[in-house]
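**Q** What follows is each chain in one-letter form.
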Amino acid sequence: MNKLIRFIPLVLFIALGAVLYKGLFLNPQALPSALVGQKMPSFELSQLTNSDRMLTENDLKGNVVLLNVWGTWCVYCKYEHPYLVDIAKSGRVSLYGLNYKDDRQDAQQWLKDYEDPYGFSIFDPLGKLGIELGVTAAPETFVIDQHGMIRMKHVGPIDSKVWQEKFLPVIELLEQEATSTKVSNTMTMNKGEYDV
Amino acid sequence: MMFKQLSFILIISFVTLTATLLVSADVQAFNSDTYTFADEVTEKRYQALTKELRCPKCQNQNLADSNSPIAADLRREVYELLMQGKADSEIVDFMVKRYGDFVLYRPRVSTMTYVLWFGPALLLLIGVIVVVMILRKKPSKKSQQAMSSEQKDKLAQILKDK
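Quick note, the sequences are listed as chains A and B, same order.
According to my numbering, the first sequence is numbered sequentially starting from 1.
According to my numbering, the second sequence is numbered sequentially starting from 1.
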């Protein structure tokens, strides 16, 4: 018994060491988002390229919606920009921008200078919608499903690796959900027809 | 007993050190905001809230300390919510709903945080038990025993030989 007790500190030390060692490789910036599984918060903000046009959460339409938080002041937004252009061209998802804490003129110029991958960009100079979404900085990207539910949040830039490993699985899942609801919709419609 | 004194000194110095750290951590924070408050109570509440809410971007600072843009935005949000007459708990809930439990420097008691809340007390208790056990342990009989008559004879012999 006494001999066993002698080993307790060693066991505790190894356990603590294992926990701390694992901690070395965790990303402290990766926070669990409180928004995942919630409905997209409601907002009313103007469109970046047209200050007269007001946008709301209902304008984010699509089976799979990507809302990308960006700003001209954000270095990594420039880095992920070519990937976003590719994603938009693939047509697989509906990509919208949230221009976050930026200057309207600068942001419009940025889109002209490079290429505008977004269906539209929401202009949020005070970061109000950003706070609603729990945004801490740009770039961040939200994946929203056809019912307006936030299904995933990615903090940091998108590149091909992140796209393959993090986004594609979620997008495939959402596409499946979308087709299955469509099938069940048509089925109920058919049933209705027969009933008549 | 030497050992008892030593452990007493260790405990005293630990307590003093902890107290010093607690006092020095209480230094006033400064940022460049110039919010005006109608009354002193609201100002105190604002200060308390920005001190207890953590900046989600710069993770080792509270909202009051941090100069990052998001911290400034969240301070403004706290101010606006206070002006709307929201209660402290409502403001904290507002932040948690958007940024998660992470923004709380004083985490809520839940199954997730039991270890956090009660772990240190448990460890202290274990430590105290171990110290008490060691201190109360009777020194082993061998060292306490006076010399046997055989040993006494031997000692006398040696001394005599000198």
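Among the hints, erroneous ones may be present.
Dumping the calculated SDA-like pairs for lysine to any residue here, alpha-carbon to alpha-carbon at most 25 Å [what the hints assert, rightly or not]:
id	chain 1	residue 1	chain 2	residue 2
1	B	Lys51	B	Thr18
2	A	Lys101	B	Ile129
3	A	Lys128	B	Lys97
4	A	Lys128	A	Gln164
5	A	Lys128	B	Thr18
6	B	Lys4	B	Ile129
7	B	Lys57	A	Ser94
8	B	Lys57	A	Pro41
Hints in this document: simulated from the structure, not taken from any laboratory.
**Q** Which numbered conditions among the earlier hints are violated in the structure presented, ordered from lowest to highest?
**A** 2, 4, 5 and 7
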